[in-house]
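Q: Given next are the chains, with one letter for each unit.
Protein chains: 2
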Amino acid sequence: MTESVDDTALRAWAYLARVAEPPCAAIESLCDELGPAEAAAAIRARSVPPGHAGVLEATAARADSDRAAADLEVAERIGARLVTRDDPEWPAWALMTLGQADTAVRGGPPLALWVRGPGRLDEMATNGVALIGSRAASGYGEQVTSTLASGLALENWTVTSGAAYGIDGVAHRAALAAGGPTMAVLACGIDRDYPAGHARLIAEIGEHGLVVSEYPPGTTAAKHRFLTRNRLVAAMSDAVVVVEAGRRSGAANTAAWARKLGRPLGAVPGPVTSATSVGCHRMISDDLAVLVTDTRSVIALARPDGAGDIGRGRGRETDDLSDDQIRVHDAIPARGAVTIEEIAFSAGLDVSVVRSALAVMDVGGHVVNVNGAWRLS
Amino acid sequence: MTESVDDTALRAWAYLARVAEPPCAAIESLCDELGPAEAAAAIRARSVPPGHAGVLEATAARADSDRAAADLEVAERIGARLVTRDDPEWPAWALMTLGQADTAVRGGPPLALWVRGPGRLDEMATNGVALIGSRAASGYGEQVTSTLASGLALENWTVTSGAAYGIDGVAHRAALAAGGPTMAVLACGIDRDYPAGHARLIAEIGEHGLVVSEYPPGTTAAKHRFLTRNRLVAAMSDAVVVVEAGRRSGAANTAAWARKLGRPLGAVPGPVTSATSVGCHRMISDDLAVLVTDTRSVIALARPDGAGDIGRGRGRETDDLSDDQIRVHDAIPARGAVTIEEIAFSAGLDVSVVRSALAVMDVGGHVVNVNGAWRLS
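Protein chains in written order, with full-length UniProt numbering: chain A, 1 to 377; chain B, 1 to 377.
Mixed in with the good hints, there may be bad ones.
Said to hold, decoys possible - Here are the simulated EDC-like pairs of lysine to aspartate or glutamate, each with C-alpha atoms no more than 20 angstroms apart in a straight line:
| no. | chain 1 | residue 1 | chain 2 | residue 2 |
| --- | --- | --- | --- | --- |
| 1 | B | Lys260 | B | Asp286 |
| 2 | B | Lys260 | A | Glu73 |
| 3 | B | Lys260 | A | Asp324 |
| 4 | B | Lys223 | A | Asp193 |
| 5 | B | Lys260 | B | Asp294 |
| 6 | B | Lys223 | B | Glu21 |
| 7 | B | Lys260 | A | Asp193 |
| 8 | A | Lys223 | B | Glu341 |
| 9 | A | Lys223 | B | Asp350 |
| 10 | B | Lys223 | B | Asp193 |
| 11 | A | Lys223 | A | Glu21 |
| 12 | B | Lys260 | A | Glu21 |
| 13 | B | Lys260 | A | Glu341 |
| 14 | B | Lys223 | A | Asp350 |
| 15 | A | Lys223 | A | Glu204 |
To be verified - What the simulated footprint calls covered on chain A by chain B, stretch by stretch (three residues with Cβ under 8 angstroms from a Cβ of chain B suffice, anywhere in the stretch; the number is not a length):
| no. | stretch |
| --- | --- |
| 16 | 58 to 65 |
| 17 | 134 to 147 |
| 18 | 248 to 258 |
| 19 | 273 to 285 |
Rather than coming from a laboratory, the hints here were simulated on the basis of the structure. For glycine and all other residues, C-beta sits at the position ideal for the given N, C-alpha and C.
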């Protein structure tokens with residue numbers, strides 16, 4: 001049986017994906033220069049072009065062990081596939097920022113991704129929100145996660161997480177229950193179920209959504225792989241929301257990745273008496289995360305230019321307003337309606353001034369009267 | 001019996017304090033020019049100097065009714081006193097900002113304050129935190145209020161509030177229970193107990209702390225007086241903390257005053273599922289209030305230059321650090337300890353670089369090793 005060019009390339013990718021612990025900037029760079037087949041051949045032959053010496057070091061331990069064919073067979077058996085940068089569903093856009101210099105430590109883009117499920121990787125990676133948090137979630141955290149995940153899924157946002165116990169699992173489950181897309185990024189091989197207690201959940205995600213891993217089949221979960229995996233969770237999400245995190249939660253690492261990659265970071269507040277909200281509160285008070293409370297605020301975080309229903313400045317431009325009118329405008333909260341007296345109070349203007357300003361602004365479409373109270377239009 | 005100069009002045013102040021609904025900028029301005037006795041005489045005679053015509057309008061309804069002596073008698077009977085700007089305990093510093101132009105709408109300084117209790121007004125008005133919030137507080141809100149008020153009182157901070165049901169009452173009670181100073185600012189006469197159900201609490205505050213009102217004896221509470229009173233709560237506090245507030249809580253008005261007067265504003269987060277935390281969450285996410293969780297963060301809010309135990313930059317100066325060392329410094333959170341790997345990750349530096357930076361910084365006293373993890377010193 002002859003092997004097609006595609007098969008050769010795929011086997012080369014599979015070889016490259018295993019020959020060094022991912023991500024490996026040296027292999028990526030070699031690949032960019034030679035293409036996957038020649039890059040694989042060069043590593044096997046221990047002979048790389050000048051300037052790529054780092055590849056030999058990174059691949060010294062595994063260069064002679066070629067499990068590419070076996071990996072692809074395992075993948076086929078479990079219904080998984082290897083998605084490479086040559087594939088149309090490669091999430092190039094989502095991963096782009098990982099290629100930038102300041103993420104070099106443990107932070108390059110993946111060379112390829114093993115995926116399992118009917119979801120299309122590039123689409124799920126650019127229309128999703130990561131809901132993450134403590135494994136030891138509280139009942140409150142689980143409740144909020146479930147509400148957010150359902151809400152997002154019903155709006156057809158992919159709910160992305162790490163399939164762990166606690167917040168992760170609740171997020172995936174609620175998205176599945178709502179019939180929406182969900183994506184689990186694993187820190188182990190695509191054929192492994194980690195944690196074991198979530199085998200059934202991971203199988204369900206693989207049936208209805210997408211299970212993703214940059215680790216070749218058979219790879220066991222390890223601490224450093226969680227940290228590496230976390231960058232993919234952040235990169236392949238439009239926003240990252242920490243629902244619950246203790247003082248030293250692993251979620252802080254994904255949150256740090258979100259900030260590093262320029263992904264909007266949200267955190268859900270909770271009782272100040274709850275240990276599992278301490279991390280969220282700290283992120284908010286340190287101005288690292290935006291406080292989010294519901295599906296709507298999460299979507300506004302993920303699409304700041306979209307819904308536009310959060311924050312000031314929505315609605316009409318204020319360029320054509322007089323000074324008094326601008327003060328009135330600024331005195332009306334972004335959400336909700338207020339009375340003329342409240343506006344006068346906040347704006348420091350006389351009620352009569354406010355009343356005439358509102359009249360003009362009403363005609364101009366800047367404000368709306370709702371049962372005697374006023375809100376921004 | 002002859003009347004002393006002081007008595008004459010006091011009666012003039014008492015007259016002026018009642019002759020118009022406070023605050024009254026026109027009377028204040030007349031007083032500044034003529035002094036209280038002559039100002040009172042001018043109003044009685046309906047003859048004021050040029051440029052003070054506004055006084056006649058503001059005092060038209062009450063000029064002929066002189067209850068000054070009676071007011072002072074009532075005050076004496078209930079152990080209250082009238083504190084004027086001639087008195088050493090006048091809180092000039094705290095009230096100064098109320099005299100500024102942009103607070104003119106319902107916002108001038110009080111002409112005088114009726115007070116009852118052993119506390120010294122100027123001291124309590126400059127070493128306190130206002131704890132405010134919903135009348136319909138939740139069990140959670142009451143618990144947090146109690147914890148904060150006790151903590152503040154034990155550190156000898158005055159706990160200031162409005163003696164209302166809910167958060168206000170819990171704040172005063174917890175401060176009293178901790179044996180600390182507490183100040184209640186009323187929206188009715190100093191001889192009135194509003195709300196009636198808090199008569200006993202207000203009496204206790206008057207015995208151990210201070211009850212304050214700008215309204216003459218007998219004045220009943222009214223909606224506009226709550227709004228006017230709120231500016232005093234904000235002005236006479238070093239920081240204002242909203243513990244719980246619903247979507248349209250009255251606490252928002254005091255919070256608006258805090259911002260207007262430049263008082264640091266804090267808000268306590270709570271469950272996103274709780275209606276009484278909605279207002280707090282909104283203030284935080286709209287960047288109007290700082291998220292606070294405990295006594296320490298409230299004190300740091302009130303004395304940003306004091307304790308200095310919140311936020312970065314505490315401890316040693318970083319001027320003498322190298323670039324790598326500064327990156328390491330910045331990668332260590334303000335609170336808590338982190339591992340070398342976490343620092344390397346956050347700083348985007350190699351572990352070896354971090355290790356040698358930490359060694360130098362340890363010697364320099366910038367960092368401390370705690371059981372293998374590192375924190376800022």
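Q: Please go over all the hints and tell whether each is borne out by the structure.
A: Hints versus structure:
1. B:Lys260 to B:Asp286: 16 angstroms, holds
2. B:Lys260 to A:Glu73: 68 angstroms, violated
3. B:Lys260 to A:Asp324: 17 angstroms, holds
4. B:Lys223 to A:Asp193: 63 angstroms, violated
5. B:Lys260 to B:Asp294: Distance ~24 angstroms between Lys260 of chain B and Asp294 of chain B Cα, so the pair is violated.
6. B:Lys223 to B:Glu21: Measuring from Cα to Cα gives roughly 13 angstroms; hence the hint holds.
7. B:Lys260 to A:Asp193: At roughly 56 angstroms apart (the allowed maximum being 20 angstroms), Asp193 of chain A and Lys260 of chain B break the hint.
8. A:Lys223 to B:Glu341: Since the Cα atoms of Lys223 of chain A and Glu341 of chain B sit roughly 11 angstroms apart, the hinted pair holds (cutoff 20 angstroms).
9. A:Lys223 to B:Asp350: Roughly 18 angstroms between the alpha carbons, so the hint for Lys223 of chain A and Asp350 of chain B holds.
10. B:Lys223 to B:Asp193: 16 angstroms, holds
11. A:Lys223 to A:Glu21: This hinted pair holds, its Cα atoms lying about 13 angstroms apart.
12. B:Lys260 to A:Glu21: Distance ~56 angstroms between Lys260 of chain B and Glu21 of chain A Cα, so the pair is violated.
13. B:Lys260 to A:Glu341: Distance ~17 angstroms between Lys260 of chain B and Glu341 of chain A Cα, so the pair holds.
14. B:Lys223 to A:Asp350: 18 angstroms, holds
15. A:Lys223 to A:Glu204: Given pair Lys223 of chain A, Glu204 of chain A is violated - Cα atoms ~25 angstroms apart, limit 20 angstroms.
16. 58 to 65: violated (count 0)
17. 134 to 147: holds (count 3)
18. 248 to 258: That given contact holds, which follows from 3 residues of the stretch 248 to 258 of chain A lying within Cβ reach (below 8 angstroms) of chain B.
19. 273 to 285: Three-residue rule met by the stretch 273 to 285 of chain A, so holds; n is 7.
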